[in-house]
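Peer 1: The task is simple: from the sequences and hints, build the whole structure.
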Amino acid sequence: NAGVTQTPKFRVLKTGQSMTLLCAQDMNHEYMYWYRQDPGMGLRLIHYSVGEGTTAKGEVPDGYNVSRLKKQNFLLGLESAAPSQTSVYFCASSYSWGNEQFFGPGTRLTVL
Amino acid sequence: DQQVKQNSPSLSVQEGRISILNCDYTNSMFDYFLWYKKYPAEGPTFLISISSIKDKNEDGRFTVFLNKSAKHLSLHIVPSQPGDSAVYFCAASPYPNTGNQFYFGTGTSLTVIP
Numbered sequence: 016n017a018g019v020t021q022t023p024k025f026r027v028l029k030t031g032q033s034m035t036l037l038c039a040q041d042m043n044h045e046y047m048y049w050y051r052q053d054p055g056m057g058l059r060l061i062h063y064s065v066g067e068g069t070t071a072k073g074e075v076p077d078g079y080n081v082s083r084l085k086k087q088n089f090l091l092g093l094e095s096a097a098p099s100q101t102s103v104y105f106c107a108s109s110y111s112w113g114n115e116q117f118f119g120p121g122t123r124l125t126v127l
Numbered sequence: 305d306q307q308v309k310q311n312s313p314s315l316s317v318q319e320g321r322i323s324i325l326n327c328d329y330t331n332s333m334f335d336y337f338l339w340y341k342k343y344p345a346e347g348p349t350f351l352i353s354i355s356s357i358k359d360k361n362e363d364g365r366f367t368v369f370l371n372k373s374a375k376h377l378s379l380h381i382v383p384s385q386p387g388d389s390a391v392y393f394c395a396a397s398p399y400p401n402t403g404n405q406f407y408f409g410t411g412t413s414l415t416v417i418p
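In order, the protein sequences belong to chains H and V.
Note that the first sequence covers residues 16 to 127 in this note's numbering.
Note that the second sequence covers residues 305 to 418 in this note's numbering.
Among the hints, erroneous ones may be present.
Stated by the list, open to error - Just the calculated beta-carbon pair ranges, DEER-fashion:
#  : chain 1 : residue 1 : chain 2 : residue 2 : range
1  : H       : Thr-35    : V       : Ile-322   : 28 to 36 Å
2  : H       : Met-42    : V       : Arg-365   : 22 to 30 Å
3  : V       : Ile-322   : H       : Ser-82    : 28 to 36 Å
4  : H       : Val-27    : V       : Gly-320   : 40 to 48 Å
5  : H       : Thr-35    : V       : Glu-319   : 41 to 49 Å
6  : V       : Ile-324   : H       : Ser-95    : 42 to 50 Å
7  : V       : Pro-313   : H       : Lys-29    : 31 to 39 Å
8  : V       : Asn-361   : H       : Gly-92    : 36 to 44 Å
9  : V       : Lys-360   : H       : Gly-78    : 35 to 43 Å
10 : V       : Phe-350   : H       : Gln-87    : 40 to 48 Å
Claimed, not checked - Where chain H lies over chain V, by a calculated footprint (3+ residues, C-beta under 8 Å):
#  : stretch
11 : 345–355
12 : 408–417
What the hints assert, rightly or not - Sample of chain H residues at the chain V side, in silico, Cβ under 8 Å:
#  : residue
13 : Thr-22
14 : Phe-25
15 : Tyr-46
16 : Met-56
17 : Tyr-63
18 : Gly-66
19 : Gly-68
20 : Ser-109
21 : Trp-112
22 : Gly-113
23 : Glu-115
24 : Gln-116
Keep in mind that the hints were calculated from the coordinates and are not lab data.
Just so you know, these numbers come straight off a predicted model, no measurement behind them.
In this text, a Cβ means the ideal position worked out from N, Cα and C, and glycines have one as well.
Peer 2: And the structure:
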């Protein structure tokens with residue numbers, strides 16, 4: 016099992032460009048999450064999904080969109096990147112409520 | 305506003321000694337707590353959890369203590385080993401929590417000196 020994988024690992028964007036981060040899990044988990052990690056801020060939840068076809072906002076959803084068309088995939092989109100979105104992005108998944116989350120290796124995004 | 309706080313950004317401990325990492329929270333609705341460990345360039349990995357109905361949970365060298373009245377939890381690592389050097393995050397989950405959302409602290413970087 017690969018667990019949770021993220022594509023790409025690194026990306027540099029210019030302000031205003033768009034991109035999509037892909038998260039895939041092979042554990043048949045229902046719940047999936049996108050976090051960002053910034054210095055001194057810990058991990059903050061951007062959006063999450065409790066099942067295929069569902070999405071919901073987390074703590075810091077502005078400037079991001081997500082889609083969960085397939086159970087195993089969770090996409091995070093930036094329509095018009097801003098320097099404030101420079102961060103490390105982590106995807107995670109969990110079986111259901113009350114279970115620990117399994118994290119991917121992260122994507123380091125720099126917006127110039 | 306940070307609901308889960310780890311006030312010590314870093315901690316250094318000699319190999320074989322005890323490491324104590326602390327975490328405080330403000331939301332009285334939090335009832336499930338986890339500790340994650342993170343190595344550089346990797347995602348966090350689950351370490352140990354505790355429910356609010358308990359005040360202690362052990363797993364090998366790792367023990368988590370919960371003091372609900374003080375809204376405080378701590379992770380004890382005994383004995384500490386060089387491989388324990390990592391960033392440790394505590395996380396808390398409120399009840400009810402249909403989305404299984406967790407709120408993370410800012411992390412404590414532990415260095416175990418051989």
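Peer 1: Compare the structure with each hint and give your call.
Peer 2: Against the structure, the hints:
1. Thr-35(H) x Ile-322(V): 28 to 36 Å: With a Cβ separation near 45 Å, Thr-35(H) and Ile-322(V) fall outside 28 to 36 Å, so the hint is violated.
2. Met-42(H) x Arg-365(V): 22 to 30 Å: 27 Å, holds
3. Ile-322(V) x Ser-82(H): 28 to 36 Å: Violated: the Cβ-Cβ distance is about 46 Å, outside 28 to 36 Å.
4. Val-27(H) x Gly-320(V): 40 to 48 Å: 44 Å Cβ-Cβ, so the 40 to 48 Å window holds.
5. Thr-35(H) x Glu-319(V): 41 to 49 Å: Since Thr-35(H) and Glu-319(V) have Cβ atoms about 44 Å apart, the given range 41 to 49 Å holds.
6. Ile-324(V) x Ser-95(H): 42 to 50 Å: The hinted range 42 to 50 Å holds for Ile-324(V) and Ser-95(H), with Cβ atoms some 45 Å apart.
7. Pro-313(V) x Lys-29(H): 31 to 39 Å: Holds, at about 32 Å.
8. Asn-361(V) x Gly-92(H): 36 to 44 Å: 39 Å, holds
9. Lys-360(V) x Gly-78(H): 35 to 43 Å: 42 Å, holds
10. Phe-350(V) x Gln-87(H): 40 to 48 Å: Roughly 20 Å apart at Cβ, these two residues miss the hinted range, so it is violated.
11. 345–355: As far as the stretch 345–355 of chain V goes, the hint holds, because 7 residues have Cβ atoms under 8 Å from chain H.
12. 408–417: It holds, with 4 qualifying residues against the three required.
13. Thr-22: 14 Å, violated
14. Phe-25: 11 Å, violated
15. Tyr-46: Interface hint status for Tyr-46(H): holds (5 Å vs cutoff 8 Å).
16. Met-56: Nearest chain V Cβ about 6 Å off; hint holds.
17. Tyr-63: 5 Å, holds
18. Gly-66: Not OK, violated: Gly-66(H) not within 8 Å of chain V, min 11 Å.
19. Gly-68: 15 Å, violated
20. Ser-109: The hint holds - Ser-109(H) has a Cβ within 8 Å of chain V, the shortest such distance being about 6 Å.
21. Trp-112: 5 Å, holds
22. Gly-113: OK, holds: Gly-113(H) within 8 Å of chain V, min 7 Å.
23. Glu-115: 4 Å, holds
24. Gln-116: 7 Å, holds
When the structure is compared with the earlier hints, violations turn up for hints 1, 3, 10, 13, 14, 18 and 19 and for no others.
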